[in-house]
Amino acid sequence: MADRDKPGDLDGRRRTLEAALAARKPAEPESDERAKTGGAGGFANALRLSSEFIAGIVVGAALGWFIDEMAGTSPWGLIIFLLLGFGAGILNVLRSAGQVADFGATPPKKGDDEDGKD
Amino acid sequence: MATDPIHQFQISKWIPIEVGGLDFSFTNASAFMVATVAAAGAFLYLTTSSRGLVPGRLQSVSEMTYEFIASMLRDAAGSQGMRFFPFVFSLFMFVLVANLFGMFPYFFTVTSHIIVTFALALLVIGTVLVYGFWKHGLGFLKLFVPEGVPAVLVPLVVAIEVVSFLSRPVSLSVRLFANMLAGHITLKVFAGFVTSLGALGVAGAAGAVLPLAMTVALTGLEFLVAFLQAYVFAVLTCMYLNDALHPSH
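If you read the sequences in order, they're chains A and B. According to the working numbering, the stretch in the first sequence is residues 2 to 119, in order. According to the working numbering, the stretch in the second sequence is residues 23 to 271, in order.
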């Protein structure tokens, strides 16, 4: 934790993040073009992203409701899992838009950004 | 009946079967699933039966389909993923042929029913879970713990990742089902305009040209969607199988 609070570290992290984002950008020109042409490509994209988002929320709400039914903790399970589902929905959307690393993908190794020791 | 856009999705029992109080009737949905499997199987079998070294037209269609799925799977999941090739190829062919069957007038669209697509998605996620735990044991759970997360945030991140993972079969099935359902309803509604406008006399018939043109355009779009959704289903299956093969790479 201590070495992360150094001011230089934050700048370094921001720079690596920008580099990683820039490296990711040209990988998606084809899907961008498809979205811009409108019609089928844009329609398919819209349905894809919205279904990802809605699925996250629905699954979160269903899980929370189920836990409430099982454990009798109504309404807390529903509240907490609805919020978690919202987060998962956002994560799904960003992930399928290629803005967030996939499941289990390791971040690029940089040496100064080793985690897991605190 | 002709102008009811929902009527086409009605399930009717063809051969009522009941076993132990459960309804196992052979419905029009079952019939079209059987037809889908039969058509896909027959197409692949008949087109490749000549085994020409220089493929004919139809044989090269089969070979292109094979190559298409094989390269998609190899890109997404590596050469280890090829053990799932029969699974992914069957799924792709089933969804594609079912979608295309739905484009015939008066045919039943199997993939416009969420229970069918959800069963397919559960099959995918079930395969991922079973294979992941069988291959990696509890190491498969590392899938839910991204690297480089501060220890304080781990419980929250894991909870979100688990919900996100569980939402995959839902979004996978809803996407396919919603595309097919919405497309077919739109098609039917616009085609319905043609008949109801045509009944209004000469002015109506002249106006009916517009929805007719729209119907023609939408039919083309629907063919595209039929291919696209089968493709998306297969791509996502490959990506999910990749998680089962390499939970942390």
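Keep in mind that the hints were calculated from the coordinates and are not lab data. One or more of the hints may lead you astray.
[Unchecked claim] Every beta carbon over 12 Å from chain B, so not counted as near; a handful from chain A, in silico: (1) R16; (2) A20; (3) L22; (4) A24; (5) R49; (6) S52; (7) G61; (8) D69; (9) M71; (10) R96.
[What the hints assert, rightly or not] Computed Cβ-Cβ distance ranges for the label pairs, DEER-style: (11) A:A24 to B:G242: 35 to 41 Å; (12) B:L222 to A:W77: 57 to 63 Å; (13) A:E70 to B:V56: 37 to 43 Å; (14) A:A47 to B:S112: 27 to 33 Å; (15) A:R96 to B:L44: 36 to 42 Å; (16) A:R96 to B:F65: 34 to 40 Å; (17) A:R96 to B:F109: 22 to 28 Å; (18) A:E70 to B:S218: 44 to 50 Å; (19) B:L160 to A:R96: 20 to 26 Å; (20) A:A47 to B:I39: 37 to 43 Å; (21) B:T217 to A:E70: 20 to 26 Å; (22) A:W77 to B:S82: 58 to 64 Å; (23) B:A225 to A:E70: 55 to 61 Å; (24) B:T241 to A:A24: 51 to 57 Å.
Please read all numbers here as calculations on a predicted model, not as lab measurements. For each residue, glycine too, the CB sits at the ideal point set by N, CA and C.
Now the hints, each set against the structure:
Separation of R16 (chain A) from chain B is adequate, the least Cβ-Cβ distance of about 16 Å exceeding the 12 Å criterion. Every Cβ of chain B is farther than 12 Å from the Cβ of A20 (chain A); the closest lies at roughly 16 Å, confirming the non-interface assignment. For L22 (chain A), the requirement that its beta carbon stay farther than 12 Å from each beta carbon of chain B is met, with the minimum near 16 Å. Even its closest Cβ contact with chain B, about 17 Å, leaves A24 (chain A) beyond 12 Å, as expected for a residue assigned away from the interface.
Not every C-beta of chain B lies more than 12 Å from that of R49 (chain A), the closest at about 6 Å, which undercuts listing it as non-interface. With a least CB separation of 4 Å from chain B, S52 (chain A) falls inside the 12 Å interface cut-off, contrary to its annotation. With a cut of 12 Å on Cβ distances, G61 (chain A) falls inside the contact zone with chain B, its closest approach being about 5 Å. With a least beta-carbon separation of about 15 Å from chain B, D69 (chain A) lies farther than 12 Å from that chain, consistent with its non-interface assignment.
The claim that M71 (chain A) lies off the interface holds: its Cβ sits roughly 16 Å from the closest Cβ of chain B, which is beyond the 12 Å cut-off. At roughly 8 Å, the least C-beta separation between R96 (chain A) and chain B is not larger than 12 Å, which violates its mark as non-interface. Between A24 (chain A) and G242 (chain B) the beta carbon distance is about 38 Å. The supplied range of 35 to 41 Å therefore holds. With their beta carbons about 59 Å apart, L222 (chain B) and W77 (chain A) fall inside the hinted range of 57 to 63 Å.
For E70 (chain A) and V56 (chain B), the hinted distance range of 37 to 43 Å is satisfied, since their beta carbons lie about 38 Å from each other. For A47 (chain A) paired with S112 (chain B), a C-beta distance near 29 Å keeps the hint of 27 to 33 Å intact. At roughly 39 Å, the beta-carbon separation of R96 (chain A) and L44 (chain B) lies within the given 36 to 42 Å, and the hint holds. A hinted range of 34 to 40 Å holds for the C-beta pair R96 (chain A) and F65 (chain B), which are about 35 Å apart.
For the pair R96 (chain A) and F109 (chain B), the supplied restraint of 22 to 28 Å holds, since their beta-carbon distance comes to about 23 Å. Taking the beta carbon of each, E70 (chain A) and S218 (chain B) are about 47 Å apart, inside 44 to 50 Å as hinted. Checked against the hint of 20 to 26 Å, the C-beta distance between L160 (chain B) and R96 (chain A) comes to roughly 24 Å, which is consistent with it. At about 41 Å, the beta-carbon gap between A47 (chain A) and I39 (chain B) stays in the expected band of 37 to 43 Å.
With their beta carbons about 49 Å apart, T217 (chain B) and E70 (chain A) fall outside the hinted range of 20 to 26 Å. Taking 58 to 64 Å as the suggested C-beta distance range, the pair W77 (chain A) and S82 (chain B) conforms, at roughly 60 Å. In this structure the hint that A225 (chain B) and E70 (chain A) lie 55 to 61 Å apart at CB holds, the actual value being about 59 Å. Restraint check, T241 (chain B) to A24 (chain A): a C-beta distance of roughly 41 Å breaks the suggested window 51 to 57 Å.
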